[in-house]
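Kindly produce the complete structure, drawing on both the sequences and the hints.
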Amino acid sequence: MIHFFALEPEVVGDFLDSWAPGLRGLVDVRRYSRLFPDAAPAEGLCVLVDFERMNRWRFQRTLGFAGKLRTANRAMLNDPARWKSRLDLLNTLRERGINRFRAFRLDALDAGVRFPVFLRSARDHRGAVSGLLHSREELERAVSALSLKQRLRKRRLLVIEYCDCSDEDGLFRKYSAMKVGGTIIPRHVLFSRKWVTKKPDVVSDATVEEERDFLQRFPHREQIEEVFRVGGVEYGRVDYGVKDGRVQVWEINTNPVVVPRRDTLDPKRLELQSRSAEQIAEALRALATGSRSAAHRRVT
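Position 29, counted from 1, in the sequence shown is what the working numbering calls 580; the numbers after and before it change by one each time, with no gaps.
Quick caveat, the hints were computed from the structure, so don't treat them as lab data.
Quantities reported herein were computed from a predicted structural model and do not represent experimental measurements.
Honestly, I wouldn't trust all of these hints.
Distance condition first, Cα-Cα at most 30 Å in a straight line; then the derived DSBU-like pairs of lysine-lysine [what the hints assert, rightly or not]:
id, residue 1, residue 2
1, K745, K794
2, K794, K750
3, K619, K635
4, K794, K819
5, K635, K750
6, K745, K635
7, K749, K819
8, K635, K794
9, K794, K749
10, K819, K750
11, K745, K819
12, K635, K749
Rendered as structure tokens:
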């Protein structure tokens, strides 16, 4: 049995309803609000998610719950004590020579920041909250244009150096890979003319074949395994680009949309996404039935 604990349990629930209804008896999804200070750790494998969306109080409570799981010797994925925040992750990857760009808190901006930059929240997954900013003057104007609430929460705003991963035709590719315990599954390549890529706005026979090749070969496997290790994440999705053959990591989402609903997918991509959903369902089933050994097996 797998117990997910989430701020947004409907995310995993939607995947089960849309792609893996047969797992409903093996996968339970709960809100963190159902946890109390004296709550006993649940039986089975616990998967803790949504750390990046938590306020400090909620994160401390989650640390306490994880401590109870460790004390009880329960199987767990995503120990919050090992997890790295978005800022820590990006800068650690920079220090290790994986990422070429840096990230700063808005209220601790380095004098040597390289423009262009953009603003984004340290906590959510909504992407940039500004366009590309090419100077300190543009940055100051962008901050002034934010809501009062956003300006008062400067510690939650990041300034991130822009890394252009577009090709010679101006096409952007957002790669993603999902980690489910010891299994890493290549998820997709989204093609777009926009530098902030949330949905594929370019879908053709050529892009589908390129996505198929990525899903079959997954040429970045070793680099992505290292990224998940650095981030302290055992369940989640990494989003990244590739520049000059090198992976450039944008973020790790511990509670991502696993696979979009069928009715939202371009028909040309449905076959590939269906197979990816099957692989994720298979990995979840292995965890649910294999408990600790499946949770920690290595990818070969």
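Verification of the hints:
1. K745 / K794: holds, 16 Å
2. K794 / K750: holds, 20 Å
3. K619 / K635: Roughly 20 Å separates the two Cα atoms, so the pair holds.
4. K794 / K819: It holds: about 27 Å lies between the C-alpha atoms, which stays within 30 Å.
5. K635 / K750: The given pair, whose Cα atoms are some 26 Å apart, holds under the 30 Å limit.
6. K745 / K635: holds, 28 Å
7. K749 / K819: Holds - the C-alpha atoms of K819 and K749 are around 18 Å apart, at most 30 Å.
8. K635 / K794: Cα-Cα ~24 Å, so holds.
9. K794 / K749: Holds, at roughly 19 Å.
10. K819 / K750: holds, 14 Å
11. K745 / K819: Holds, at about 21 Å.
12. K635 / K749: holds, 23 Å
Of the numbered hints given earlier, the model fails none.
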